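Enquirer: For the sequence shown, this note's numbering assigns the number 18 to the initial residue and increments by one for each residue that follows.
Treat the hints as calculated values from the structure; they're not laboratory data. Only a predicted model underlies this, so the values are computations on that prediction, with no experimental measurement involved. The beta carbon of each residue, even a glycine, is placed where N, CA and C say it ideally should be. It is possible that part of the hints are untrue.
Said to hold, decoys possible - Listed next, with one range per pair, are the computed distances between beta-carbon atoms:
1. R92 x Q137: 17 to 25 Å
2. G91 x P149: 17 to 25 Å
3. E115 x N144: 16 to 24 Å
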Amino acid sequence: FFFSSRRRHTRSLCDWSSDVCSSDLNGSQSVYLFDAQTRRLIDLPGLNSLDQVASHPSVSEDGRYLVFAASRQGRMGIYLYDRETQQKRNLTENLAAEVRNPSISADGSTIVFEVAKDGQWDIAAYNRAGEPLPIPGNL
Numbered sequence: 018f019f020f021s022s023r024r025r026h027t028r029s030l031c032d033w034s035s036d037v038c039s040s041d042l043n044g045s046q047s048v049y050l051f052d053a054q055t056r057r058l059i060d061l062p063g064l065n066s067l068d069q070v071a072s073h074p075s076v077s078e079d080g081r082y083l084v085f086a087a088s089r090q091g092r093m094g095i096y097l098y099d100r101e102t103q104q105k106r107n108l109t110e111n112l113a114a115e116v117r118n119p120s121i122s123a124d125g126s127t128i129v130f131e132v133a134k135d136g137q138w139d140i141a142a143y144n145r146a147g148e149p150l151p152i153p154g155n156l
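Just need the whole structure built from these sequences, with the hints factored in.
Expert: Here is the structure:
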């Protein structure tokens, strides 16, 4: 179970039909991973930071890779977090476009998200290394 939390109030808005939840707690929007069996949050060192607002999290089927959108210094990016190495990186750092709504494939190999260049929204696909992948029909 994976959710994003906005720390401001103690109100929580969850859609229990999916594994994604957004919760409003007290200050900055962060990403958390919840173990439904133990009913506890899973520690994610290095994932959240005070200078970012995170949203739209997605997790690979094995739980190793988490992808999410985050606004940092006024710029939105798509971030990939590896639970094994505890490293987070911006996959779209060098992309001159707006980005939003990331999703990761079940095997964690492909990240897709919406991208807008010149106001036109389209779909982009990247591998975990941050390299763009061709999308049929967009070649």
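Enquirer: Does 17 to 25 Å hold as the CB distance between R92 and Q137, or does it fail?
Expert: 19 Å, holds
Enquirer: Verify the CB-CB distance for G91 and P149 against the hinted window 17 to 25 Å.
Expert: The hinted range 17 to 25 Å holds for G91 and P149, with Cβ atoms some 24 Å apart.
Enquirer: Just to be sure I understand the hint, the distance between the Cβ atoms of E115 and N144 should be within 16 to 24 Å; is that true here?
Expert: 21 Å, holds
The structure agrees with every numbered hint stated previously.
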